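Taking the hints into account, I'd like the entire structure generated from these sequences.
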Amino acid sequence: MKRQIPLFITFFVGTLLIFSVFIPPMETLGENFTLFFDIIAVFAFFLGAGNLVRVHVSKLRKRKADWGFSIVTLIGFGFMLFVGLLKIGNPGGIAADVTAPGSWFQEMFNYVINPLQSTMYALLAFFVASASYRAFRAKNREATILLMAAFVILLGRTPLGMMLTAWIPDSLSIFQIPNMAVWIMNSFNLAGQRAILIGISLGVVAMSLRLILGVERTYLGGDDSG
Amino acid sequence: MRSRSSISPGWTLLLVTTLLVCIVAAPTFGQMPDDGVITFEDTVQVMVAAPTSLIATDHKYDDGEKIDLQWVPSIDDLPGIGTVVGYRIYRQDDGGVAEVIANLPAKANHYRDENTELGHTYIYSVAALTDGAEFMSNLTESISPEREWIDFSKRYLFLIALLVGGAVIYFIEIARRGKKLFVRKIAGLEAVDDAVGRATEMGRPILFIPGIQDMDDVQTLAGLTILGRISKTIADYDTEIFMPVSRSLVMTAGREIIKSSYQTAGRPEKYSDNMVTYITDEQFGYVAAVDGIMVREKPATVFLLGAFFAESLILAETGNYIGAIQIAGTARPAQLPFFIAACDFTLIGEELFAASAYLSEDPKALGSLKGQDVGKAVAMVIIVVGVLAATMGQAWDISSMNSLVDILKTIFSTS
Amino acid sequence: MEHFAVWVAAFLTLGIVSFLYKDNPWYKLSEAIFVGISAGYWFVVLFWDNIYGKFWNGIFPEELIDSAGNVVTREPDYWLLVGAVLGTLMLLRLIPKIGWISRWPLAFIIGCTSGLYLINYFSSNMMRQVEATIMPLVGHWVLDPATSQNAFSAFSGADIFSNLVLVIGTFTGLVYFYFSKEHRGAFGGTAKVGIFFIMITFGASFGYTVMSRMSLLIGRADFLLFDWLGLVR
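Residue numbers (the working numbering), protein chains in the order written: chain A, -14 to 211; chain B, 1303 to 1717; chain C, 240 to 472.
Hints are computed from structural coordinates only; laboratory data are not their basis.
All of these numbers come straight from a predicted model, not from anything done at the bench.
Among the hints, erroneous ones may be present.
Within a straight-line C-alpha distance of at most 25 Å, the following computed PhoX-like cross-link-like pairs (lysine-lysine) qualify [what the hints assert, rightly or not]:
no.: 1; chain 1: B; residue 1: Lys1666; chain 2: A; residue 2: Lys(-13)
no.: 2; chain 1: C; residue 1: Lys267; chain 2: A; residue 2: Lys47
no.: 3; chain 1: A; residue 1: Lys47; chain 2: B; residue 2: Lys1600
no.: 4; chain 1: C; residue 1: Lys431; chain 2: A; residue 2: Lys(-13)
no.: 5; chain 1: B; residue 1: Lys1572; chain 2: C; residue 2: Lys336
no.: 6; chain 1: C; residue 1: Lys261; chain 2: A; residue 2: Lys49
no.: 7; chain 1: B; residue 1: Lys1572; chain 2: A; residue 2: Lys47
no.: 8; chain 1: B; residue 1: Lys1666; chain 2: C; residue 2: Lys420
no.: 9; chain 1: C; residue 1: Lys267; chain 2: B; residue 2: Lys1482
no.: 10; chain 1: A; residue 1: Lys44; chain 2: B; residue 2: Lys1572
no.: 11; chain 1: B; residue 1: Lys1487; chain 2: C; residue 2: Lys431
no.: 12; chain 1: C; residue 1: Lys420; chain 2: B; residue 2: Lys1481
no.: 13; chain 1: A; residue 1: Lys49; chain 2: B; residue 2: Lys1572
The following block contains the structure:
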């Protein structure tokens, strides 16, 4: 029983949604189920938030390494719940939108979350540099091809690419770097993308069917347990 | 000096013109509401032609909630002149009063009413709007929306999906009956066992990142199904696993999967909920925390399997920096190059979805991979036949070839 | 107040950047703040959006005013209660004895995702891409406006080559992903050509992204130098 009901639910819901695409009176089913998902996700959020609090409180209690930072996390979390759920410091009061401009809640986003997000994102510039360096040193043929294509595209997007190959006569303009970059994007790149996309769609079909038919059921508690 | 009591010639002209406009325009108002929609301010109204040839048709293949309207815009709706500022759609529901249901910009020549109800009859009209007046089109015939039970416009999609899906099911069934099916080795997946073994030997943990999306992303499901296979080996070897997640539902599913693996391995007491922890839903907040975990816990092996966005490279490079063996996989083509540059093995697109079947060594799951190949074979054959037919048909103007191309394009068209 | 906020933002920005040197207390502090505040932020936003906005307003709908100015009363959508029931079942995990019931909502979600994606991906990725690849390689018939008659218009040499590359690349790429045959002999050779195309694809995407990442860094440097330190632009 413990295994059969979930297997049936997955089968039933999955099959229903596949056929709903072809049956107009059922066409909104997908949207409705997505709404259910949104609601379930918030309920699950209580479990996630509970876990967050439990992990940090236990770190604090056991005086594990860096327990001081757990206090910071807990205070930050608690503060956001307090000003967000009760809409404290919101100029429009409880009826206003929680993210109303000028509310404490939104100011925390603007001055704490936003700069942190942008900075993490900006770290990518350094990581791109180190990854490029590593790809350079790679000895295998695939990585070399990858890097050469990357180099042409990169140069093609900068004035340098134009300057380097401006001397090539117009009759051979295809060999000018900016033109080569466009050409690689529109032919080689597109071809690879298509093969990958077709492959992905078939992979999704097979995996979804494995889940719907119950061939894949690890999420239900393994093959043997019940 | 002008006397206040007399009417100036300018005002006289305005009054007369207004009166004329009223008289000329009045018949076109037909059954329009008398709630003052037509407002004449104290300026001269510009006359424009009304929209013509308005027709309403039932929208095909819907649940009876849509009616399509089409009309020829006012001939005065010309670029640069701007006398027609837009169109207003009126609807009478079951013979009631006409109500405005939409306002559209100039040049509009069609509208889809998506709020109709089965069993009701509707009559529509469209008005061309000027700065202060409306010029009404003909009324449509009364029309009732209809419900269709099957969407025949998607018949080819259904048939091709049935062919590929049927092939998957067929091969699962063939495998279930005990026929041995061959699947070639996939390098990234051959490395999974070694990667887990390495962590065991080094006595260091394994870090599993299932991407940053929720359970409503099929890539997350792929990552979790792979976790199902890996965690079995981990439970067998009794290696430490750590799985920080950015979604609460993924946390729940991850726990369920790892717990069951430990149960299967016969050591449920070794499982702990602390193996899977929720961090934050925020993309970069999650990344900041995972980066911290990587440098502090120094896992020997890192799995990055699921939906990744810009953070792919931050995670993969940090993993590289701490010297972990990294196996990554995603179906997002934009992130794959970063994984290829920074990880030891990368599962490209389709391989991510095939991975759990491959790792399971379950004949039925392997059978599904065969079914996938049927889909690829279909795609390859159609591409070759289609390209040859299109090339020959166009080069030598062979009509049979051109019709073959038309047929293929119709079958594979999704619009 | 704003001045203080800019200092906080700058402090946190530098804290994150310090990670590039090595893990340190400043980074740990920024990380702890980031995690705590952002987890709270998303919890609250999702609570108001989904529980209040979608669920509560769905069961007890408010009157709305549409674009034409009419008051629209909506019927309560009691189906949403199914979502709430499933959500509640999820919370049963907290009671170990009946925790297994929480697999039902999980099974529901997995069925949803599989069912929704199967046709979506198949239609947009498989069908559309195959259709787009069916094309003439050397030229096509077009209407000549001068004579009002169809005339054959040959593609340029470069276009013919591009078309060939596109078709061969897509075909060999699919051969690379083919699982049922070992990559040996002519088949293996074709698969090698396929991976060659795929690597160029990745290279192109890599090169394309590098530039945009650099501009992000410039954006942060801009904040530190001008907004925080107040250097004149």
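Run the structure past the numbered hints and jot down the numbers of the failing ones, going up. 4, 9
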